[in-house]
Structure formats: C-alpha cells, structure tokens
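Asker: Protein chains in written order, with the working numbering: chain A, 4 to 308; chain B, 5 to 225.
In short, the hints are calculated from the structure, not lab data. Keep in mind that this is a model prediction, so the values were computed, not measured. Incorrect hints may have been included.
Residues of chain B placed beyond 12 Å of chain A at every Cβ, according to the derived structure [as the list claims (entries may be wrong)]:
#	residue
1	L38
2	A72
3	L94
4	I182
The calculated DSSO-like cross-link candidates involving lysine-lysine, where the alpha carbons are at most 30 Å apart (straight line), are [what the hints assert, rightly or not]:
#	chain 1	residue 1	chain 2	residue 2
5	B	K89	A	K286
6	A	K31	A	K51
7	A	K286	A	K8
8	A	K286	B	K34
9	B	K89	B	K34
According to the in silico footprint, chain B covers these stretches of chain A (three or more CB under 8 Å from chain B) [what the hints assert, rightly or not]:
#	region
10	281-292
11	296-305
Note that beta-carbon positions come from the ideal geometry of N, C-alpha and C, so glycine has one too.
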Amino acid sequence: MEIIKPLLQLLAALLLAPLLPGVINRVKAFFAGRRGQPLLQLYYDLAKLVRKTPVYSRTTTWVFRAGPAISLAALAAALLVLPFAGRPSALSFDGDFIYLIYLLGLARFCTVLAALDTGSAFEGMGASREMQFAVFAEPGFFLGLAALAAVTGERSLGGMFGVLTGDSWRVAAPVLALLTASFFIVLLAENSRVPADDPNTHLELTMIHEAMALDHSGPDLAYILYGASLKLWLFGSLIASMVLPSRGGGWARDSALFLLVLLGVAAAVGVTESVMARLRLTKVPYMLITAFAFSALALIFQMAR
Amino acid sequence: MNTFAELIIVFIILMDLALAVTGSLSACIKLVALQGVVAGILPLLAMHGSPHFRALAFAAVIITLKGAVFPWLMMRARDRSGARKDVEPLISYPASILLCLGAFIASSWMGSRLPLPDPGVAWIVPASLATIFTGFLLITTRTKAITQVLGYLVIENGIYIFGLALFVEQPMMVELAILLDVFVAVFVMGIAIFHISREFDHIDTAELSELSDWRRGEDGR
Numbered sequence: 004m005e006i007i008k009p010l011l012q013l014l015a016a017l018l019l020a021p022l023l024p025g026v027i028n029r030v031k032a033f034f035a036g037r038r039g040q041p042l043l044q045l046y047y048d049l050a051k052l053v054r055k056t057p058v059y060s061r062t063t064t065w066v067f068r069a070g071p072a073i074s075l076a077a078l079a080a081a082l083l084v085l086p087f088a089g090r091p092s093a094l095s096f097d098g099d100f101i102y103l104i105y106l107l108g109l110a111r112f113c114t115v116l117a118a119l120d121t122g123s124a125f126e127g128m129g130a131s132r133e134m135q136f137a138v139f140a141e142p143g144f145f146l147g148l149a150a151l152a153a154v155t156g157e158r159s160l161g162g163m164f165g166v167l168t169g170d171s172w173r174v175a176a177p178v179l180a181l182l183t184a185s186f187f188i189v190l191l192a193e194n195s196r197v198p199a200d201d202p203n204t205h206l207e208l209t210m211i212h213e214a215m216a217l218d219h220s221g222p223d224l225a226y227i228l229y230g231a232s233l234k235l236w237l238f239g240s241l242i243a244s245m246v247l248p249s250r251g252g253g254w255a256r257d258s259a260l261f262l263l264v265l266l267g268v269a270a271a272v273g274v275t276e277s278v279m280a281r282l283r284l285t286k287v288p289y290m291l292i293t294a295f296a297f298s299a300l301a302l303i304f305q306m307a308r
Numbered sequence: 005m006n007t008f009a010e011l012i013i014v015f016i017i018l019m020d021l022a023l024a025v026t027g028s029l030s031a032c033i034k035l036v037a038l039q040g041v042v043a044g045i046l047p048l049l050a051m052h053g054s055p056h057f058r059a060l061a062f063a064a065v066i067i068t069l070k071g072a073v074f075p076w077l078m079m080r081a082r083d084r085s086g087a088r089k090d091v092e093p094l095i096s097y098p099a100s101i102l103l104c105l106g107a108f109i110a111s112s113w114m115g116s117r118l119p120l121p122d123p124g125v126a127w128i129v130p131a132s133l134a135t136i137f138t139g140f141l142l143i144t145t146r147t148k149a150i151t152q153v154l155g156y157l158v159i160e161n162g163i164y165i166f167g168l169a170l171f172v173e174q175p176m177m178v179e180l181a182i183l184l185d186v187f188v189a190v191f192v193m194g195i196a197i198f199h200i201s202r203e204f205d206h207i208d209t210a211e212l213s214e215l216s217d218w219r220r221g222e223d224g225r
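The following block holds chain B by itself, in its conformation from the complex:
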C-alpha cells in the first residue's frame, strides 16, 4: 500500500509542477481542486488497519470542500470578475519550472534535516514543503487577485500533507480549524475580488499598489 501512497505523493509533486507552468485560469482552479482531493485520499491509504468512521467522515468533508465547494466559488469569482482567461505570469515557463525543481531539491534537503518522526511514506515531507513553496510562487509571480487565492489554497494543501507526515489522524481538530479559516477566507476573497473588479474594471493587483490620486500623466497632472 505504501507504493500506492508514494505514487500519490509523486502525483502531487507533478501537479505542483503543472500548477507552476499552466497558463489557463480554469485549468489552474481544476488542478488545485484535484490536488486537494488527492491529498484528501492520502490519510486513508497511509493508515494501518481498517479506517475509522471518524477518519472516513473527515476525508469526505475535506474532499467535498476542496473538490467541489472551493472550485465552484473560484469559478464563480472568475466569471463575475470578467477576468481574462489566462493567468498572466510575471516569469517565464523555464524560470517557473526551474524554481519549482530548485524548491524540491531544497525541500528534500530540508526534509532530511528536520528532526521528525519517520512518516513511513517516502518523500512526504519534501512533497509538502515543495507544495507550500509552489503556493508562494503562485502568490508572488501572478498578477491576478484570483491566482493569489489559489496560491493560498495550495499552501493549505501543503500544510495538510505536512500534518499527515507528522501524525496520521491526531490533528483533526487543528485541520478542521484551518479548513474553516480557509473556507471563510475564500468566501471573503471571492466577494472582495468581485468588488475590486466592479470598482476598478480589473483584478490586476499591480494596479493596487498605488492610490489612483497619485498616478501621474493620466490627465495631465
């Protein structure tokens, strides 16, 4: 069963790479959802013996939330904001993929250094750190507000996998609390994106770094 869990870990890392390079916004949303679902299945595989009802219910909640509710909210925010369909990255494809590879190398080095209990599944700590880094990459190198929410979700996925590496089922309450936070955050951000785009006709965050009164040269001032 561990081989299967390892395959899922590799799949999650490949999805990190895909997230770092994909150009379409809806593909990005679907990838984040898929990553959340796959990460949600992971604890059921890593567990020894038959799964408890608690664990099953928990996995079901996570999969519904990450696989159905979040993508639906994000898609709605995307449609309402009338944003362009591509993610408009600030760095090129090779740079993103090399950054991701570098992140994975650094996180496998860090994973071997951290004094953690043996998780039983190879690469789970590096994979979680790499996923967190990919989230940061999405937040810092994309211009749209909606991709920053996506990056936030990817970071949450990474933290979730990191939690799995430490304990298989203990941190349920912690995870539920995080999930609730993320849920509220996505909800609020969806509304905020809608308001930003209604106010400014776009959701480009680069435009938000200065006040509109300060801008020179637009009407001769």
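Just chain A, with the same shape it has in the complex:
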C-alpha cells in the first residue's frame, strides 16, 4: 500500500490538472456576471484535439514536431518529485528542487525552439518575451526554494514540505508568508495569467505564451494545453503545500484537504485575474523583480535569525 500511494498521487495530478483552468475560468465568469464555460471544458478540448490530424507547415522541421512532446514529457517528469499533501513523492533525492527547475527550463526551451522553427514573426516575438520574463522569474523561484530549504533544513522537495507543520508557521511566519507571496507572483507569470499575460487574448502583438502555440494543431496543441495545466498544477501544489501545514488525519483526509486548498489557489488566481488589469509589457519584469525581492528578503530573514 505504501508503494501505491505515491503512484495514486501522481495519477491524481495527471488526471485532475485540467480541472484547474476550468475553476479559474468559472471564477472569472462569476466576477463578470456570466455563467462561463463548463468546468470540464479543457477535457472536452483535449479529447477533440487528440482525434484531429495535425497540419504541419512546409518550413518546419522535426524540431517543431518534437517541441510539444518533449516539453510535456519534461513537465510530467517534474510531477514525479512534486510533494503531494506533505506525503513522500514518487521520486525524491537531495537537491531535487534544482532538477525541478531544470525540467521547467527544458520544457520552456523546447516550446521556444518549436516556436522559432516556424519562422513566423509573431512566434519569434512571443518566444523572445517568454525568455525575457523567464530570466526574471527563475531567480525569484530558485531563491524562494533555497530559502525554504534553509527554513526546513531539508534538501529535497518532499522533505521540505514534509517537515513543514503548524509549528513552522508559528516560528517563521514572516518568512513563509513572504515565500507564499513570491511563489504566487511566479505562478501568475509562469502560467501566463493576467498581470503578466492574458490567456484569452487573441491579438498577436500582445500575446506572450499563446503566440508561441499559434502554428500548433491537433495532438501537438493538446500536448501544449495539457502541459500548461500540469505546470499550473505544479506551482499551485507548491503553494497549497506551503499554506496547509496541518497533518492531522490519515492519508485520504490529508489528500482531500490538499485538493480543496489547490482548488482554492486556482480560485485565488481567478479572483486576481478579475480584479486586476494586465500590466504594461515593460512593467512585467518589475513585478517579477518584486517576487525576487520577497524571496531574497525571506532568505535574509532566515539567515539573520
């Protein structure tokens, strides 16, 4: 049974991830006074896209076809080390948070290469912006995980979130609150949510992440959409593990509570998108520098304690 649990957690992540964008869209629709699309819309979209025949431009090479598959594989591999409700993850070793960051970087790199391979000006623009924001988002995220490692004294993701309890919040509340804020900003930017990028926009000049997926079709587009939802799940579950310190009940109760908090994080993203306007493109790095500053402050607080 103890071997099956991590696999069940992985399966839950893989199956439930497309639910999160649905929750965000429903919350946004609620704020706008609409009914909104069905909660399971992304599942329908994925099922439809997988059955379609992809269309490839003659200017593209194998890089374009490999891009979505590799980036989806990298994100799925990242889920292996991801903690779930403070329980041991399927795979865990010292320093696996660096492995996680590299996998995220690999996924981004492949998406960007595929976008550049089309030779389209819009996709090149989107790729350039994606990389520019990643330069600012990654230090904040990395420093945040390092600060968390300093707080908990553990070097693996599963260990870090495993020893995080209500007592850690009592002792190091400022540090953990700063880290939560920093991770939330990184989540918004990395998943192309509103203050950084508008997932619903259809104007190529302002698109960032969506612009890179313009030429993909059929199963390739399905891989990209599914990969995006996995990424949202990844960042969301890091935040959920941080704010949910209680380890009261058994595995089932903890997991259910964790999923509820994760849906709460998605709802919080939806609320943020509803109440905020999108930032001007040149202001997005400022937001990410703020996340970096929060992570750095958290690390300094922990060191100077």
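Starting from the structure of chain A, add chain B where the hints point.
Answerer: Relative to the frame of chain A, chain B by itself:
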C-alpha cells in the same frame, strides 16, 4: 507576542521597499504616516507586563503626530506647491529595489556585528538601519523638495526603531526632543516649500543648485 512584533518589523521593512518604489506622491506620504503609526505601536508589544500610563500616553502622542499631523502638513504643502503628482525618481524601479535589498543585507551584517544588548525581537536592528538607509535613498534620488522632507521623516522612524532596540522605554525624553525637532523642521520645511514654489514656480531641487544669474543660454547671454 514576539511573533507579532516580528511581523510588524517585517511589515516595516516591506514598507521601506514600497517607499523606495512607489511612484505617487500622496501614496508616499501615506506610507510614511503608516510606517510611523506601526512603529509607534511597537513599544507597546515589546513591553513585558501591563503597559504604564506614561508609555501609553507617549505612544498616543507619537501616533497622533506621525499619523495625523505630519501627513496633513505634507498634503497641504503638496497641494499649495501645485507640484506634479508623481515623485520623479532619478533611478529606475529595479535599481531602487536592489539598492534597498543591498541595504538590508548590509544592515543585517552590521546588526550582527554591533555590540548591542539582545533586543529580544529578531531583525529589529537591521530593520532600523534599513529604514534609515531608505530615508537617505529618498533624499538623494528624488528631485522634489517635498520627498526630501519625507526622507527625513523616514530617517526619524528608523532612529525611533533603533532606540526601541536598545531600551524599551528609557529614551522617552530623548525621543520627545527629537520629535519636537522633527515637528518644527516639517513645519518650517512646509513653509519653505511653499515659498520656493511661489518664487520659482516649481520645487525641483536640481534647479536650486545654481544661481539664476549664472544660467547661460536662456536669454542669449
């Protein structure tokens, strides 16, 4: 209770960051006022046992002065000078925030080196030094006379927190004296800003560094 005091310290540091990056003059004035009020609450939390009447009265005086009188004076000076609504910084947002972070790193290093008695609340010495530095940053990198007064107030906040780190309630007389000085200074500066803007149509201090007779090229001389 110490956790709560620590949260307030963190809040003060976050306000330092916000002060270093905020673009609107009225937001800047409100932030300085809020920082003063929060710093005024701090001694009541750090104290052991029930607070004395003296301490309560002192906190009340500080909170009224920093939270109501100073902002009112500053807002009045801002409105009368007809200044633009933004602070016009000389350096960019990332530079300000990185300078502030660097200041905090340096002050936590310095705080660990200074031979001070243990204040009982973590980060209080670094926070006070960082606040003083933020005040200097406001004075040196903003062009308006009114933001320099604000920087002066932030420095006063920093000194106040530093005083708290050393003694919880001894330096009341010292602090009252400082407060009186600051009060007079803000009063005088408010009048001075008003006169500067009436005389020169602006309160940009960069224009004050040379005499108007020396300026070349304006009317062909």
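Asker: Hints numbered earlier in the text: which of these fail when held up against the supplied structure?
Answerer: As far as the earlier hints go, only 7 is violated by this structure.
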